[in-house]
Amino acid sequence: MRQIADKIYAVGVADPTRRTFHGHEMSTAQGTTYNAYLIVDAKEVVLVDTVYEPFTLQLLQNIREVIDPARITVIVSNHAEPDHGGALATIKAAAPKARILCSKRGTESVAGWHHAAWPLETVETGDTLDTGTMKLTFIMALMCHWPDSMMVHVGGPD
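In my numbering, the protein residues as written are 507 to 664.
Read the hints as simulated data drawn from the structure, not as lab findings.
Heads up, some of the hints might be wrong.
DSSO-like cross-link-like pairs, simulated, lysine-lysine; straight-line CA separation at most 30 Å [what the hints assert, rightly or not]: (1) Lys513 to Lys641; (2) Lys641 to Lys610; (3) Lys641 to Lys603; (4) Lys641 to Lys598; (5) Lys513 to Lys610; (6) Lys549 to Lys513.
Since the model is a prediction, treat every value here as computed from it, not as a measurement.
Take the sequences, apply the hints, and build the full model.
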């Protein structure tokens with residue numbers, strides 16, 4: 507875990523042993539990272555993405571270095587494949603009151619990967635979330651990687 511900006515923490519995990527993604531054509535000779543970010547603000551505590559499931563306990567430990575995971579109010583699922591969302595079920599259990607935000611196609615992906623009856627809230631390009639002192643703006647990036655892909659821009663309140 508490391509703080510990367512005021513109220514924003516990188517809580518993801520490095521995996522130096524990973525050698526391939528999506529087959530051998532996508533080699534990662536030096537490993538990879540599973541990026542997840544925690545935004546701790548006045549109105550909302552937001553977790554942006556999770557990590558590959560085998561690294562769930564490390565993600566929880568990283569979050570606990572900053573806050574109790576039960577304080578998470580929003581989980582953003584930018585993409586549901588296991589390297590981004592593998593720890594979602596455990597995080598949702600640790601943060602049972604958290605809303606899950608995703609793209610419209612993300613509702614299908616999250617349900618498909620996790621087979622859970624969580625209520626999912628969809629966002630579109632230009633939708634925003636006021637966290638207190640920051641504003642998250644959602645940007646669809648469908649097929650940039652996968653049909654459910656989106657991004658989040660963190661900006662000031664205006």
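Holds or violated: Lys549 with Lys513, Cα cutoff 30 Å? holds (12 Å)
Agreement of Lys641 and Lys598 with the hint, judged by alpha carbon distance not exceeding 30 Å: holds (23 Å)
Check the hint pairing Lys641 with Lys610 against an upper bound of 30 Å on the C-alpha distance. holds (21 Å)
Sort out whether Lys610 lies within 30 Å of Lys513, counting only the CA atoms. holds (28 Å)
CA of Lys641 to CA of Lys603, is that 30 Å or under? Holds - the C-alpha atoms of Lys603 and Lys641 are around 21 Å apart, at most 30 Å.
Does the alpha-carbon distance linking Lys513 and Lys641 stay inside the 30 Å limit? holds (13 Å)
In this structure, none of the earlier numbered hints is contradicted; all agree with it.
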